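Enquirer: The lines below spell out each chain.
There are 4 protein chains.
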Amino acid sequence: MSNVAIVGASGYTGRELMRLLRHHPQLRLASAMTARPGSQPEPPALPCDPTVEALDLDRLADVDGVFLCTPHGAAASIAADLLARGTRVVDLSADFRLRDPQAYARTYAAEHPAPALLGEAVYGLTEHARDAVAKARLCANPGCYPTSILLPLLPLLQNGLVADGQPIVADSKSGTSGAGKAPGERTHFGNVHENFCAYGVGTHRHAPEIWQQAGTERIVFTPHLLPTFRGILSTIYVPPATGVTADQVRDCLAERYAAEPFVSVYQKGLPELRCVQMTNECHVAVAPSGPYVVVVSVIDNLVKGASGQALQNMNVMLGLDETAGLS
Amino acid sequence: MSNVAIVGASGYTGRELMRLLRHHPQLRLASAMTARPGSQPEPPALPCDPTVEALDLDRLADVDGVFLCTPHGAAASIAADLLARGTRVVDLSADFRLRDPQAYARTYAAEHPAPALLGEAVYGLTEHARDAVAKARLCANPGCYPTSILLPLLPLLQNGLVADGQPIVADSKSGTSGAGKAPGERTHFGNVHENFCAYGVGTHRHAPEIWQQAGTERIVFTPHLLPTFRGILSTIYVPPATGVTADQVRDCLAERYAAEPFVSVYQKGLPELRCVQMTNECHVAVAPSGPYVVVVSVIDNLVKGASGQALQNMNVMLGLDETAGLS
Amino acid sequence: MSNVAIVGASGYTGRELMRLLRHHPQLRLASAMTARPGSQPEPPALPCDPTVEALDLDRLADVDGVFLCTPHGAAASIAADLLARGTRVVDLSADFRLRDPQAYARTYAAEHPAPALLGEAVYGLTEHARDAVAKARLCANPGCYPTSILLPLLPLLQNGLVADGQPIVADSKSGTSGAGKAPGERTHFGNVHENFCAYGVGTHRHAPEIWQQAGTERIVFTPHLLPTFRGILSTIYVPPATGVTADQVRDCLAERYAAEPFVSVYQKGLPELRCVQMTNECHVAVAPSGPYVVVVSVIDNLVKGASGQALQNMNVMLGLDETAGLS
Amino acid sequence: MSNVAIVGASGYTGRELMRLLRHHPQLRLASAMTARPGSQPEPPALPCDPTVEALDLDRLADVDGVFLCTPHGAAASIAADLLARGTRVVDLSADFRLRDPQAYARTYAAEHPAPALLGEAVYGLTEHARDAVAKARLCANPGCYPTSILLPLLPLLQNGLVADGQPIVADSKSGTSGAGKAPGERTHFGNVHENFCAYGVGTHRHAPEIWQQAGTERIVFTPHLLPTFRGILSTIYVPPATGVTADQVRDCLAERYAAEPFVSVYQKGLPELRCVQMTNECHVAVAPSGPYVVVVSVIDNLVKGASGQALQNMNVMLGLDETAGLS
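Sequence lines, in order, name chains A, B, C and D.
Anchor point for the first sequence: position 315 equals 320 in my numbering, and the numbering is continuous, going up by one each time.
Anchor point for the second sequence: position 72 equals 77 in my numbering, and the numbering is continuous, going up by one each time.
Anchor point for the third sequence: position 133 equals 138 in my numbering, and the numbering is continuous, going up by one each time.
Anchor point for the fourth sequence: position 170 equals 175 in my numbering, and the numbering is continuous, going up by one each time.
No lab work stands behind these hints: they were computed from the structure.
Quantities reported herein were computed from a predicted structural model and do not represent experimental measurements.
If a hint is listed, it holds; no wrong ones were tucked in.
No copy labels: a pair is met if it fits in one copy or bridges any two.
Listed next, the in silico SDA-like pairs over lysine to any residue satisfying Cα-Cα at most 25 angstroms (straight line): (1) Lys186 with Gly274; (2) Lys273 with Ala184; (3) Lys273 with Pro46; (4) Lys273 with Ala187; (5) Lys140 with Leu123; (6) Lys273 with Pro49; (7) Lys140 with Gly220; (8) Lys186 with Phe234; (9) Lys273 with Glu190; (10) Lys273 with Tyr262.
Start from the sequences, fold in the hints, and give me the full structure.
Expert: Quick look at the structure:
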């Protein structure tokens, strides 16, 4: 039994980790702390909610791994502190996802708080970084949108199935939990219910992350806000390389992920959000549409898009069964 | 005061027309009939719902115009009957949208029931067919998805702002009222609520309609089902012609629609479904995104995407103020 | 044509009034002002939203009537100012609903800001106060829950159909627009969607208002928060006086409201929220249930429960057709 | 490891049992059959859905227990067959809930299909029937509404805290999953979303079940349909016996359920649906409201109100840890 802790436990991703860890056979949640400075615990909103402890990094001396569920900017300095004590860290914020501190500065409008750590941080899209994650002290957990787009897209790029130089459209739709637990205009019931919108067209912070991992900036990414709580569906329009068919695209993905416990490639039919909500799975389907091959992927943004993948990475970092607590 | 009637009044588009006509200053709803054969009226589901009369075309001898809100296939023969009596018809079904009876047969898996009328039917995207609609006896009311895509796209194609030969992605998301009032798996609450899906990828019946009106098949159209009742948002990825900027695209649309009462082009910000629900308006915004120009359009699928545009067309056909009953 | 203005136009009730006034044949909206002190207009959240002017009571010198859509506490002093200028006021806040300043102090935890005006304020449940409203300078627009409960209950109490001294349960369920446009924990999408709760059990501020108007404190009122935007449904459990049947209760209500344009009593079937949303109507049904007679009423909380009834009252105060702008 | 099977696995309660059994440490799901006669398995609606086997009772010879998730009427004869083979049965339908075959006939408008078994069937409100369930061959799993009402109410009746002879109001609100997986008018998205209604006022089939178990018919029960998928909240208005306070009511419940793993009594605050969704728990709060004591209870209708309690009962019948698979 190993001990882990959560910093930033009162947000949606922290809560989701608490839920997942409750059934983990080999990990014990030693501490669930707020990310807010100060010595006060956060009381539960309802009696059925958990109390979250005050932030106190000294109390984490003995834990084997820490999940950082804090806002970006705050995570980096906490990570530096924890690594100095010898604790492994999975950071769910964006602080270590971009390798280039200048890209970080452009994207997040702030100097990177711990550039010295960028070199060793491993981008934890687990299915594509398993070995590196296993050796890492610091894992940058991928963003929710990038996870939903990179899982189906990377094998196609790596196997030359995408036409050179042509733009790839990634039209993504997310539930509102991605916008966080703090109330605001964007997540007010009256602004979400019976509504739908695009946002951040051409400017969303996840685009540079997608581009970095895909190795190309020709991915045109548009996020949208669904009137649901959980889930991301990405509709990806792939211009196939000459002669490449939708069947070949499907076969490529099916083969690449045949042995992966959390990625399913459909032979027919299309996945819906309900197929993956509350699971760590990514479901993918492929269909031809005129000159393009359309790839549809779904994940639960709070699980495979955040806390589930974080746990998957922690399992790998601590040498446990990768699926423990996630099946 | 002119008299109009509705055939197929118990579905969502028929109901919406009844709602709109209640406040129309120059049209009187003489009759609201079911589309179901037989001599029985349809009783209201709730005391607050309207009773719909039995189908009886003989009773429509004196009306000036009829709205057909029947399923496709059924509309064509009713239209033929009504036209023979000298009544103007706006058909909200798909029966007269495709000019080519072979395209109809391929798309709707049935012989066209009245091919002799295809030649005179006018495709009623009002802003682009006003003069022809004014002279028409038979108006084919556009599909909901095509309306949301063609309004922003046609001016760009007509003005040479789109790169030749490159695919255009139209990723559309619709509320469930588009799937009709009859219960089914697709619209069961448990399958829609907290869910989202793509459907008809590469095969949806509205694609040939879009291609016909745009004059090109390189539009890659994917519909999705939102957990809302009303509204369509289309995210359109336009490959600009060499040197064309997002600002030029926006200016083109703003200029084209400056005098149109029902189309608004935003100078900044993005439209959401709530901007247009319960209105006959189409709101459009333009933003650059890497190599593409992204155009976002929203309409209410039951109003501008169906009954509102049908009323707009009827106003034009009867020589009334085009906006009567719609502002 | 008379001129009216709104103070507090950026909240949900102010917005709703703007929507209703757009189609009013005899009233012109001269001004829509924010309730926030300061000299700044409120910019629209989206391009499709209206701009709301800065607060400036001096600019209201010529209007015939003002709707106050401000928070309670703020309304009373503005009302005093406006009345001094000779302007009629319909106050949608709670400031003038309780006749007793001590009851106000207990309920709203503050001294009443203008107790001198309490004597002349008329409680505007229009169907039960038409004559007094017509003569009033200051109308206290009823709360949403009280409207949904008092309309069906008052005739039963007045006609002796309720058993003496026995408690009456009023179990009410409201959409979230009743909680206002400002974001907060209570209205965060993640706390409302796929959720439901009771609140303010035994302590809600609308209970004293219901008791005052019903003339008895034996009404046990519990509000609940629905995952909808609009609507209130109240389930009222009436202990009938000896020998009184559900049919007699229904007949009493049907007779009392036979001539009322906005109240419908069902002979059979039960009303649902969708029967009255976007209308100024109250629909009522009656059914026996063991020892009790159950009365179910529905209204749109933003229309008959707020802005619609306010406009109905303003129509009466200005001597216009009571239904103008509301049908 | 014991073997269990589900008959009627394609409905919501069957599906929920499949979900719960996936993590049960001591039960293996040997077979998941459709309830439909015929020799055909039911194909999955989506690739992510399970295939359900054809109905074949002969294949259940070796299982230790069977869950019947069939419609009422169909369950009784299957139960008779299975009991004759020596298999324990938990019936989630209504067939064995009413002890009196005449009450069954009145309530379900059909002769009881297996009256000889009524004598031995145990009503499985587990917390109140643990010993009898342990010895039973046939367990009648309680209805969802009765579970939400009886858990908080029974201890109050048993301890004399309720005023003699006075009506008790139980105003219940349920998510739509209670209406089942088959599409229909009642559960069409357009009739549920942004809507709310009461139904079955004074006539719902769960009332006789509540009355039987409470030992009194003075409970006035009204069900309502929420625009959510899961959950029931019941607001219960208890007339207290002379001198009994809300604190005493709360203490009574807290004491009665102190050792129960699935019932929580709040010392302060009110439970919401989200507190219990996806759990087998019932949360209860108590507050005074004028002459009454208001008790609010929440359960997940598909778990504690159906499949979870069924599994709890099966655990008890098979001598396993009662909480296995449910925590």
